[in-house]
Amino acid sequence: MLRDLFTNVKKQQAIMPNAKSKSDVPEGIMTKCPACKHVEPTKELGKLLKVCPKCDFHFKMTAHERIDSLIDEGTFVSMDDHLGTENPLEFPAYMSKVKKDAEKTGLNEAVLTGTGKIDGNEVAIAVMDAHFRMGSMGSVVGEKITRAVEKATELGIPMLIFSASGGARMQEGVLSLMQMAKTSVALNRHSEKGLLYISIMTYPTTGGVSASFASVGDINLAEPKALIGFAGRRVIEQTVREKLPEDFQTAEFLLAHGQLDAVVHRVDMQDMLSRIIRLHTKGEAVQ
Amino acid sequence: MKKTMSFEEPIIKLREKIQELKEFTETNEVDLSDEIRNLNDRLIKLENDIYGNMETWERVQVARHPERPTTYDYIGELFEDFIELHGDRAFGDDAAIVGGIGSFDGKPVTIIGHQRGKDTKENVKRTFGMPHPEGYRKALRLMKQAEKFRRPIICMIDTKGAYPGRAAEERGQSEAIARNLVEMASFTVPVISIVIGEGGSGGALALGVANRIYMLEHSTYSVISPEGAASILWKDAAYAKEAAEAMKITAPDLLKMGIIDEIIPEVLGGGHRDPKQQAKNMKAVLSKALTDLSKLDGDELVQDRYDKFRKIGVFTE
Numbered sequence: 004m005l006r007d008l009f010t011n012v013k014k015q016q017a018i019m020p021n022a023k024s025k026s027d028v029p030e031g032i033m034t035k036c037p038a039c040k041h042v043e044p045t046k047e048l049g050k051l052l053k054v055c056p057k058c059d060f061h062f063k064m065t066a067h068e069r070i071d072s073l074i075d076e077g078t079f080v081s082m083d084d085h086l087g088t089e090n091p092l093e094f095p096a097y098m099s100k101v102k103k104d105a106e107k108t109g110l111n112e113a114v115l116t117g118t119g120k121i122d123g124n125e126v127a128i129a130v131m132d133a134h135f136r137m138g139s140m141g142s143v144v145g146e147k148i149t150r151a152v153e154k155a156t157e158l159g160i161p162m163l164i165f166s167a168s169g170g171a172r173m174q175e176g177v178l179s180l181m182q183m184a185k186t187s188v189a190l191n192r193h194s195e196k197g198l199l200y201i202s203i204m205t206y207p208t209t210g211g212v213s214a215s216f217a218s219v220g221d222i223n224l225a226e227p228k229a230l231i232g233f234a235g236r237r238v239i240e241q242t243v244r245e246k247l248p249e250d251f252q253t254a255e256f257l258l259a260h261g262q263l264d265a266v267v268h269r270v271d272m273q274d275m276l277s278r279i280i281r282l283h284t285k286g287e288a289v290q
Numbered sequence: 140m141k142k143t144m145s146f147e148e149p150i151i152k153l154r155e156k157i158q159e160l161k162e163f164t165e166t167n168e169v170d171l172s173d174e175i176r177n178l179n180d181r182l183i184k185l186e187n188d189i190y191g192n193m194e195t196w197e198r199v200q201v202a203r204h205p206e207r208p209t210t211y212d213y214i215g216e217l218f219e220d221f222i223e224l225h226g227d228r229a230f231g232d233d234a235a236i237v238g239g240i241g242s243f244d245g246k247p248v249t250i251i252g253h254q255r256g257k258d259t260k261e262n263v264k265r266t267f268g269m270p271h272p273e274g275y276r277k278a279l280r281l282m283k284q285a286e287k288f289r290r291p292i293i294c295m296i297d298t299k300g301a302y303p304g305r306a307a308e309e310r311g312q313s314e315a316i317a318r319n320l321v322e323m324a325s326f327t328v329p330v331i332s333i334v335i336g337e338g339g340s341g342g343a344l345a346l347g348v349a350n351r352i353y354m355l356e357h358s359t360y361s362v363i364s365p366e367g368a369a370s371i372l373w374k375d376a377a378y379a380k381e382a383a384e385a386m387k388i389t390a391p392d393l394l395k396m397g398i399i400d401e402i403i404p405e406v407l408g409g410g411h412r413d414p415k416q417q418a419k420n421m422k423a424v425l426s427k428a429l430t431d432l433s434k435l436d437g438d439e440l441v442q443d444r445y446d447k448f449r450k451i452g453v454f455t456e
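Residue numbers (this note's numbering), protein chains in the order written: chain A, 4 to 290; chain B, 140 to 456.
Note that these hints are calculated values from the structure, not bench results. Here the structure is a predicted model, which is why all the values come from computation and not from measurement. Don't take each hint at face value.
What the hints assert, rightly or not - Below, simulated BS3-like cross-link-like pairs (lysine-lysine); rule was C-alpha separation at most 27 angstroms, straight line: (1) 103(A) / 374(B); (2) 100(A) / 374(B); (3) 196(A) / 450(B); (4) 264(B) / 246(A).
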């Protein structure tokens, strides 16, 4: 009976808004900006790091696009692409949804991890991909991030995490919740070794991801207008009936409330990261 | 007197009937002792049948029972010389998390727990046990104090989740929870967490990065509330019962998944039926855990906590 209830419901993303707008422009050739409606050839938009040339709207990036935009060419080595999702709670259709997103994104799960160089400096990096189950964190995402952090600790190198996630993945229940703790204990060990962790929040960083590794960088950065928050706007409006400001839970809102070190335009991101890393390398810091 | 949960109605009815018969025999010259004895036997059997085989949704009702003992109730039963300590030293004092110092088995400990209210007025004051960032920051302050003075930390988890509100977001709800997760990993004193009611999401976990995690038999621990899960899955919070089952949130579920160490048995029908006895059940487990953990030095405690969370997850290699 329970199974029937599950299958009767059409898949919908209820909590997180989705920036991907279904436009009337043919898919592939041209892309329409959901913010200002400007239409740009997709190829040109790619060269602009998927930032609207008219209004600076930051489109979602895939994990591979992000890596290409940041990591020195030919230096990225991915990790743990072999880990496979399981269905511990036996949620109907869960595995097929994961499989479909794996095919769509070319990733084994909602995060791509590995090591590579930024301006010649070796880093470990995890990039979440919101195109894969809304970037939600289940066992594999937690495990991949934890292993990347452990690798950074082992090699004594900085850790970078680009968050893009609706939060903990519901279909793996409390196991997902515990990934918040797992990644945190690994980050604590990395930190105790005096190593640098930079967290970069992108659209969207919410729920259990916001309430774990994303918020505890030595330096917390975010992309302009990124949605960042713990509880969803709708949940807050419904349960508390509070009127919320227009810019509520945007990167700029968080900056104004002391939750971020800086909001960084995508075009400036690589340079910013490179400078931060350089200022944390031995020889430049006080010994 | 106590709020009746729908599934226990047959028990309540039978109890009333027995009471009626007893009163009848007192005012009338008839001997019904055989009947009463029979009914009492039936009552015991019925209680064992119903309370001994609770379904997920029935456990949720027990976990949410308005008279279910809270952190304060257990503090009163378990610790001597308790002194409550207030405030996060930065913004305020969140009444949804209480904490302080006391003594357990003659040794000083730090105690921290979510605190629900027992009536509407108290619930408003305590925001229904749903903390704001300053609550988590108070908890962290008290934990760091415990670390300094080498006191074990005992946390009681009892919340639907962190408070979803504008002020909470402005003051960094995410950061406050996340900070606790990271910092709790580093403590060189024993940390023990007991889920005494509802363990809701990140707001619960922020007191849960412990060396030992226990759940009371009818408590729950989940990534999202049954109502929240239902509204996502079926666009209707009314399916909370089905969602609760699907999400596997009971103490036996979590024991099976290897997340918790042990289930602390409850008084038949739930802790609210005999809080003193319930506290005794907890005392025995706490006592043993503290003795066991006292054998580990600081580094071993950190490693033990690391290993505990490091292994959680289900995937193929």
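Quick rundown of the hints versus the structure:
Note on residue 103(A) and residue 374(B): the hinted pairing holds, with a Cα-Cα distance of about 23 angstroms set against a maximum of 27 angstroms. Pair hint residue 100(A) plus residue 374(B) holds up; C-alpha atoms about 19 angstroms apart against a cutoff of 27 angstroms. A C-alpha spacing of about 22 angstroms is found between residue 196(A) and residue 450(B), which places the hinted pair at or below 27 angstroms, so the restraint holds. A hinted pair counts as satisfied when its Cα atoms are at most 27 angstroms apart, and residue 264(B) with residue 246(A) qualifies at roughly 21 angstroms.
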